[in-house]
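Q: So you can see what is in the structure, the chains are spelled out below.
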Amino acid sequence: MSEENSTQEDTAPEEIVEKENLPPTLPKRETVPSSPAIESGVVPAIEVNNLSRWFEGVHAVRGISFSIAPGKVVGFVGANGAGKTTTMRIIATLDYPNRGVVKVGGVDVVQYPGQVRKKIGWMPDHYGTYKHMTVLEYLDFFARALGYSGEERLERVEEIMEFTDLTTLSNRLINKLSKGMGQRLCLGRALLHDPDVLILDEPAAGLDPKARVELKHLIRILAEEGKTVFISSHILSELGEMCDELLFINQGRMIHHGSAESLKRGAEEKTMVNVKVAGDPKALEEWAEMAPNVKWKDSTKAGGRIEIDSLDPEEIALVLKRMIKADIAVTEFHQEERNLEDAFIEILGEIEESGGSIVS
Amino acid sequence: MSNSPPPLPSAAVTDLADFPGRLSPMLVKELRQGLRTNLFTIAFILLQAFMILCILIGAADPGSSEATGFFWFFVVVSLLVIQPLRGFNALSSEYTLNTMDLIQMTELNSWRITLGKWTALNAQSLLLAIGILPYLVMRYFLGGVNFVSDLGTLGLMLIGSLLASAVIIGCSAFKNYVLRVILLVGCFFGYIFLTAILFDFGTPSSSKITLTILFSIYGIFFFLSFGASRIGPMSENHATRKRLVAILFAAISLAFYSWNDEDAFLFSALILGLSVLDAITEPPPIPEAVLRPFAGNPIKRLFAHFFSPGWHTGIWYTGLVFLLWSGAVLLLQELNLTGYGLGEGCLIVLCCGAMITFPLIIIHLFLKKVTNTQMHFGSYAFIQAAVALLTMLIFAVASSASGISEILYMVGLLPSVTLLGLNDGDIDANWYFILAMAAILVISLLIPLFRAFPLYKEMKEAYREIRKS
Numbered sequence: 001m002s003e004e005n006s007t008q009e010d011t012a013p014e015e016i017v018e019k020e021n022l023p024p025t026l027p028k029r030e031t032v033p034s035s036p037a038i039e040s041g042v043v044p045a046i047e048v049n050n051l052s053r054w055f056e057g058v059h060a061v062r063g064i065s066f067s068i069a070p071g072k073v074v075g076f077v078g079a080n081g082a083g084k085t086t087t088m089r090i091i092a093t094l095d096y097p098n099r100g101v102v103k104v105g106g107v108d109v110v111q112y113p114g115q116v117r118k119k120i121g122w123m124p125d126h127y128g129t130y131k132h133m134t135v136l137e138y139l140d141f142f143a144r145a146l147g148y149s150g151e152e153r154l155e156r157v158e159e160i161m162e163f164t165d166l167t168t169l170s171n172r173l174i175n176k177l178s179k180g181m182g183q184r185l186c187l188g189r190a191l192l193h194d195p196d197v198l199i200l201d202e203p204a205a206g207l208d209p210k211a212r213v214e215l216k217h218l219i220r221i222l223a224e225e226g227k228t229v230f231i232s233s234h235i236l237s238e239l240g241e242m243c244d245e246l247l248f249i250n251q252g253r254m255i256h257h258g259s260a261e262s263l264k265r266g267a268e269e270k271t272m273v274n275v276k277v278a279g280d281p282k283a284l285e286e287w288a289e290m291a292p293n294v295k296w297k298d299s300t301k302a303g304g305r306i307e308i309d310s311l312d313p314e315e316i317a318l319v320l321k322r323m324i325k326a327d328i329a330v331t332e333f334h335q336e337e338r339n340l341e342d343a344f345i346e347i348l349g350e351i352e353e354s355g356g357s358i359v360s
Numbered sequence: 361m362s363n364s365p366p367p368l369p370s371a372a373v374t375d376l377a378d379f380p381g382r383l384s385p386m387l388v389k390e391l392r393q394g395l396r397t398n399l400f401t402i403a404f405i406l407l408q409a410f411m412i413l414c415i416l417i418g419a420a421d422p423g424s425s426e427a428t429g430f431f432w433f434f435v436v437v438s439l440l441v442i443q444p445l446r447g448f449n450a451l452s453s454e455y456t457l458n459t460m461d462l463i464q465m466t467e468l469n470s471w472r473i474t475l476g477k478w479t480a481l482n483a484q485s486l487l488l489a490i491g492i493l494p495y496l497v498m499r500y501f502l503g504g505v506n507f508v509s510d511l512g513t514l515g516l517m518l519i520g521s522l523l524a525s526a527v528i529i530g531c532s533a534f535k536n537y538v539l540r541v542i543l544l545v546g547c548f549f550g551y552i553f554l555t556a557i558l559f560d561f562g563t564p565s566s567s568k569i570t571l572t573i574l575f576s577i578y579g580i581f582f583f584l585s586f587g588a589s590r591i592g593p594m595s596e597n598h599a600t601r602k603r604l605v606a607i608l609f610a611a612i613s614l615a616f617y618s619w620n621d622e623d624a625f626l627f628s629a630l631i632l633g634l635s636v637l638d639a640i641t642e643p644p645p646i647p648e649a650v651l652r653p654f655a656g657n658p659i660k661r662l663f664a665h666f667f668s669p670g671w672h673t674g675i676w677y678t679g680l681v682f683l684l685w686s687g688a689v690l691l692l693q694e695l696n697l698t699g700y701g702l703g704e705g706c707l708i709v710l711c712c713g714a715m716i717t718f719p720l721i722i723i724h725l726f727l728k729k730v731t732n733t734q735m736h737f738g739s740y741a742f743i744q745a746a747v748a749l750l751t752m753l754i755f756a757v758a759s760s761a762s763g764i765s766e767i768l769y770m771v772g773l774l775p776s777v778t779l780l781g782l783n784d785g786d787i788d789a790n791w792y793f794i795l796a797m798a799a800i801l802v803i804s805l806l807i808p809l810f811r812a813f814p815l816y817k818e819m820k821e822a823y824r825e826i827r828k829s
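From first to last, the protein sequence lines stand for chains A and B. According to our numbering, numbering within the first sequence proceeds without interruption in unit steps and concludes at 360. According to our numbering, numbering within the second sequence proceeds without interruption in unit steps and concludes at 829.
Excised from the complex, chain B in its bound form (with noise of 0.2 Å):
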């Protein structure tokens, strides 16, 4: 045996040593490639020259609200509009160069791909945050700003960006460019939806900052998982831990119910209508692949009819978490801490439930080739977009004339028309809409559950084939 030394790697080779090796595969690979675009290198620059421009304007009228006001600006368009917007194309770009396939061919599962271009783009995010940070200490020498307060708004803004990049790159999973606009705008406007509500345009309290907080991080992780199991293949199992961690989340947001913060019912609802709303419209899995951890014993098969990935499973999930956050609601309710009655408690919580459900019937009943492929979430995300314009276009018209009431009783059958008739006070809580809110519920289960059927004998065979091998 030779006691000489191994040969030492070429000089070209030792290029490779820009980044440590300890570091995710796929963050490296999106430093190198994102560090070398034209649009960051571009907005890097614009920041600075701007940057200069602001401080000008501040240093010839120090205090002046519009240089305060175009500083922020930049920063805003930088870190939460074209940093975050750089993702648009993150997962989907890897099917168009065709490396999607090299990439699952190695041991990277798609959780690390999708989270490794998301850290690739915040910490370029970041790069752009150190480089404001000489201006924020220039713009206080001026005079007439706070520092410490500059300083927690370019912190949150960098939170901001951290959901907003979640939010795009795991819509990214989408090759269709249309959809990932639907949902991106749907995105937008829910988030300004949530904030007018939450903050109602004052000073939030710590228990709403808390609860933001909260709901950023089961976004950013909701978001980077969703995109993750749209773009992995079917042996892949992400179902389980994004569902569980959904109901922990609920369940945290929930218990703000003890500081008296009515808006935990909000996130609650939030959180588990995103969990649900990704759960039944889930392609179903390769049953061998994905169902062997559950084989075990019966305990484990029965936690798979609700954990394990694909609609058909989303259903019973479904039903799981309406069951426990509709009881909770309403226990809480009883403790008298929502501030609702029982009758408008009840159809609140039916509306929510029907609101999301809703969609399965006309899938289920029309469009059942779409169930089994990725254009199930596609087609779900059309018809939600759909029902939202059809519910302004009512508002619109109701609104105009005169016996708004007899108008939405009318067309009050859709649940997203009965929730805001009931918060705007024009449908009062009866066992009408009680009633019909429910019953779309139930028949919008009931519905996908009878077509499940198959792939609950998929499933039993499975088990069976993983048995005897």
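The shape of chain A in the complex, shown without the other chains (with noise of 0.2 Å):
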């Protein structure tokens, strides 16, 4: 079982006190069951195989496949034009490939694009709203195109509004909604038939930060309850926070695909650490001269930085451990994590020089 669908028993006691304060849970829809093909994790959320897509000559998506496993949150990253919003378009049946296979839940998007739809939630960058409608009309005549009918139907929307916390303002006009306010109506549209999957297309562009962080706390709930995320955005910081894993995609090819913990270490098998000492930093530079598997960067105001060739914890906790036995009067001993940015930008910069795809 994945860390998301765990219970409340095997969780931190932190994590606890957090969830008590989050919003009611989405109840699931009973008329339609979440396929048992993804609950039982054998089938992937997504699959994507050699995806091509041109338009007019121009090369939107080159070929990229990548697989989703359920259950997991995956960022989306790249740049304006890289062919983000494309490949997202059509693993929601909005499009189609020139080239490739793409399949969510093992039913593939072009031959049984009505299937699939049952199967997603779609939440575009551009939500798309009716001047003359209010927050109620609008989920009410959603979830009647999806199907519902009489008390269900009455019952779903109540859920709906009552999960993005909508309740309040279900009589306002939907141009009178703030954009937060509106992201939390759109995602609320995506999930009244409870989809298995959801595909959000930069759902925090141009929120406020009180409206982000709403809708992360809304998008952490919905991987709690074991829904596959596929999220696109240019916050890196924020996507690292919440995904699993991250794929980047640069002129339409794939770049990168792992986790944020590994983008973050980087490709080589070094940690870097920021030491501060009281007393003269002399001592901590000429030490770090002289240790094995560590070499001495540069200076800090009490201090400096070092860099420990190893990744794992024990031998990082032993060169602290050879620090102290040296007698250095060491008062901070911090391990340094590349932000997510300065990773996206070394991975393009080793593209460049390498004139190919690099994908861990």
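Think of the hints as simulated: they come from the structure by calculation, not from any bench. Hints are all accurate, no fakes.
Examples of chain A residues lying across from chain B (beta carbon under 10 Å, computed):
{"id": "1", "residue": "R89"}
{"id": "2", "residue": "A92"}
{"id": "3", "residue": "Q111"}
{"id": "4", "residue": "I120"}
{"id": "5", "residue": "Y130"}
{"id": "6", "residue": "R144"}
{"id": "7", "residue": "Y148"}
{"id": "8", "residue": "S149"}
Away from chain B, derived, C-beta distances all over 10 Å, residues of chain A:
{"id": "9", "residue": "S67"}
{"id": "10", "residue": "A69"}
{"id": "11", "residue": "G279"}
{"id": "12", "residue": "K282"}
{"id": "13", "residue": "R322"}
{"id": "14", "residue": "A329"}
{"id": "15", "residue": "E332"}
Just some of the chain B residues that point at chain A, by a computed CB distance under 8 Å:
{"id": "16", "residue": "L376"}
{"id": "17", "residue": "G381"}
{"id": "18", "residue": "P385"}
{"id": "19", "residue": "K389"}
{"id": "20", "residue": "R392"}
{"id": "21", "residue": "T397"}
{"id": "22", "residue": "L457"}
{"id": "23", "residue": "D461"}
{"id": "24", "residue": "L462"}
{"id": "25", "residue": "I463"}
{"id": "26", "residue": "M465"}
{"id": "27", "residue": "T466"}
{"id": "28", "residue": "E467"}
{"id": "29", "residue": "L468"}
{"id": "30", "residue": "I646"}
{"id": "31", "residue": "E648"}
In this text, all values refer to a predicted model and were calculated from it rather than measured experimentally. Cβ atoms here follow ideal geometry from the backbone N, Cα and C, with glycine treated the same way.
Each of the two chains sits in its own frame; use the hints to bring them together as a complex.
A: Given below as structure tokens:
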């Protein structure tokens, strides 16, 4: 079972406290059960194989392949025009591939678009609204269009409004909503039919910090409920916090597929540590130059930065022990992490140098 | 298991009981929006105000023709102009609002989307018409009018509103504003032309009325299907139904020959003409998604060659309906029901075919890139509009110059010029024109047929893939 599916019993105490403050969880639609294949984890939630798409001589996507396991939250990163939206639209059955195969829950998006649509919730970068419609009427329209009727429809609309915290705004015209409220409404619409897979294209674009936190909160709840979330964003730090995996795309090609942690670490098996000492930092520099597996990088105000030739936490702890044994008055020993923006830029640089794609 | 009843929906959610659940989602949505728009409210209030004004004028001078003229003028403007024109952005607005994708992700297909919009618009027209009824009664009591005849006229206007709104909603599928205007202008002139020919500004016969109603029903179906197929995803198949229905309606129209009605010939040509111009400009679909139902056996695959979506099958469909229709017309000609001579009949048939397919020569030779996009139809419409203007210009010049026949012989290779020249008696049905029109027709079908070879290959591949899967 993945971490997202873990129950409250095996969750850390601080996480339990946080969970108690969350909005109510989203009840499942009973009439359309989740695909057994997805629940058993046999079939990937999304499977993209050698996908290519071109328009009038412009190659938007060039033979990308990836697979997303059920229940994962995966970030999709790339510059404007990199091919993110095209890929997402193909997965959502709104466009078609010129070459390659795309499957959602094992179902081909080209051959069985109707079945795929039942499995996915789609939230585009520019959410659509109607000028003369209230929040309630908007959700009601989509609930009707998704085949809900009678009491079930009213209940489902109410559940979604509660989940997205829009109950108090139910009679407000949509064009009077703030961008954040609008995004919550759009997310609610995408969740109406309780899809297994959510495809969110730039959901945080243009949102203020508060609205971003709220949106992140909702996505975290959905992930905890076991939904597969495929999300694109420009804000890499936010994706790093939310996502189990990150996919980088550049000029229609996949350039990275891995966890945020592996990206932060980088390809080399090295750890950068920031050390602060009481007294003269010169002693630290002299020690670092003599110590095995340690390289002095540069001086800081009250210490310096050292590079350890290992990623193993025990090795790192051993370096600290040796430092203390050598009578260096360590006041701070802090492992540095590359931020995701740096990692992304670094990968792009490597691509330019090698002239090909790097998929880790 | 708990026996407690499920919680009742909150007060906010019970507000949604304004429309029953069994109504089409699109209809409910459009009515909720439409009844809130200022245009509907203003139109309703203005119509009521003008009706009161007309009644007051009528009361001052019972049976006055001015009061009657004003009364029907406002009814015509409301029901046949304002209301249908409200559908001008009906389908394209879903693109501009970025909502089309969201709707297509639901269980609504593009036919239900288009039909819902049309029904909602006409439900509002019906509301306006109901608002007019009390004034019809008042006019009757003021004297000088026939209530039953007035009621019949109002009913006919409602039918006209149904057709006009279908035309406008169908054309609203295109995002290009200029294209929509050209289409509407074309439809308007087509309507005027047809009315003039059919009714000859006199009282129509019962068979003409029946044919007109038949054509109106087909027109509503055609334009709504046309809009639906242009907004629908490439995995939807609207073509098979559209093409079969056209053949059915054309056959029924031709059956009116037995009532010795020559206009049945024109109606069947119009029905098939609309269907063909749609078929030859349809973007090719995703083969595997659309061809699955046809993959079963060779007969179904042969059927798909004529009736599956895309311009590449539209070419075969055009050939088929042209052969069927010209065969039927020439057969009826033999039975001496059409009133035309054999040579004249042949030339008219060839001109009609060539007039529709003629732009394909330009498109498939010089605008190849548009053939797989929605602009295929746009280019076709622009070429036809240019040809119509050119035809008018030629006739304007030719009629002011002496020796009109010589001029028409020189430029008569344009099918529309030949047809009008023949109709006006400026051109004789001789072999020169018959062969020229036949050549244009054949060339305009052969060029796209040649260009469609990769698409036929794709169809073959798709059948193979489907059989494998």
